[in-house]
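Participant: Sequence:
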Amino acid sequence: MKEQEEASDSSLSEEERIELLEHEEKSDRIWLWVVSLVGGFALLVWLVMSLISSLGVESEVLSVDNVQAMEQRVATLEKSVERLERLVAMQDEQLASLKANQFTGLHAPIDDKSSVGRVSLVLQAQEKDYQQVMDGLKNGMRDLANMLPGSRSWLSDYSEAIDQAQVSSRKRVTELQKWSLEAKGELPARPTPLAPQAQTPATP
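In UniProt numbering, the protein residues as written are 1 to 204.
Hints are not guaranteed to be accurate.
What the hints assert, rightly or not - Below are the BS3-like pairs computed for lysine-lysine, each with C-alpha atoms no more than 25 Å apart in a straight line:
{"hint": "1", "residue 1": "Lys-171", "residue 2": "Lys-184"}
{"hint": "2", "residue 1": "Lys-128", "residue 2": "Lys-79"}
{"hint": "3", "residue 1": "Lys-128", "residue 2": "Lys-184"}
Stated by the list, open to error - Per label pair, the in silico range of CB-to-CB distance:
{"hint": "4", "residue 1": "Arg-83", "residue 2": "Asn-146", "range": "22 to 30 Å"}
{"hint": "5", "residue 1": "Val-88", "residue 2": "Asp-157", "range": "18 to 26 Å"}
{"hint": "6", "residue 1": "Asp-157", "residue 2": "Gly-136", "range": "16 to 24 Å"}
{"hint": "7", "residue 1": "Gly-185", "residue 2": "Asp-157", "range": "39 to 47 Å"}
{"hint": "8", "residue 1": "Glu-93", "residue 2": "Met-147", "range": "22 to 30 Å"}
{"hint": "9", "residue 1": "Gln-72", "residue 2": "Gly-185", "range": "19 to 27 Å"}
{"hint": "10", "residue 1": "Leu-181", "residue 2": "Glu-160", "range": "17 to 25 Å"}
Think of the hints as simulated: they come from the structure by calculation, not from any bench. Bear in mind the structure is a predicted one, so any value in this text is a computation, not a measurement. In this text, a Cβ means the ideal position worked out from N, Cα and C, and glycines have one as well.
Assemble the whole structure, with the sequences as input and the hints as a guide.
Facilitator: Now the structure itself:
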């Protein structure tokens with residue numbers, strides 16, 4: 001199975017590889033929205049339960065303290081989500097620029113590969129930042145879940161979503177590293193699709 005995937009990757013042209021990166025990046029954006037929705041839902045549930053359980057003075061004080069701690073944690077998570085959104089926007093711009101400049105004409109590849117190498121390195125750095133932010137989100141939501149009774153079920157789903165996004169990011173880093181090596185000439189270039197040739201009519 002792994003050999004088949006590697007063979008499939010090696011048959012991709014540079015344009016197809018850009019489109020694949022764009023598709024995976026859009027999938028991560030969906031996980032980003034999941035992160036935001038789960039965080040907001042967790043805060044709402046906890047606040048409702050705190051209001052219901054606040055019957056005595058001591059419990060009210062405890063509830064206020066917990067709410068404040070949770071608000072601080074949610075604020076930290078929101079900043080992490082905003083950083084992720086900026087990273088995704090930057091990747092959009094880089095991929096769009098690379099795709100626009102990759103071909104000078106119809107299926108005519110650019111001779112200078114230096115731009116591919118530079119953009120590849122920039123995207124690798126962004127992916128590593130992305131993974132670090134996702135680690136912070138995962139740890140932050142785990143702390144948030146410790147403040148919520150009965151939060152194990154949604155925390156499991158949330159962690160699974162984060163793990164899947166990180167796996168996709170690591171795969172993109174591997175692909176970008178190969179791409180950078182190809183641009184430097186350290187790996188054989190992958191085939192580029194040729195323009196379709198017009199068929200000549202058969203002579204009677």
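Participant: Against this structure, judge whether each hint is valid.
Facilitator: For each hint, the structure was consulted:
{"no.": "1", "hint": "Lys-171 <-> Lys-184", "in the structure": "holds (20 Å)"}
{"no.": "2", "hint": "Lys-128 <-> Lys-79", "in the structure": "holds (17 Å)"}
{"no.": "3", "hint": "Lys-128 <-> Lys-184", "in the structure": "holds (21 Å)"}
{"no.": "4", "hint": "Arg-83 <-> Asn-146: 22 to 30 Å", "in the structure": "holds (23 Å)"}
{"no.": "5", "hint": "Val-88 <-> Asp-157: 18 to 26 Å", "in the structure": "holds (21 Å)"}
{"no.": "6", "hint": "Asp-157 <-> Gly-136: 16 to 24 Å", "in the structure": "holds (19 Å)"}
{"no.": "7", "hint": "Gly-185 <-> Asp-157: 39 to 47 Å", "in the structure": "holds (45 Å)"}
{"no.": "8", "hint": "Glu-93 <-> Met-147: 22 to 30 Å", "in the structure": "violated (38 Å)"}
{"no.": "9", "hint": "Gln-72 <-> Gly-185: 19 to 27 Å", "in the structure": "violated (51 Å)"}
{"no.": "10", "hint": "Leu-181 <-> Glu-160: 17 to 25 Å", "in the structure": "violated (32 Å)"}
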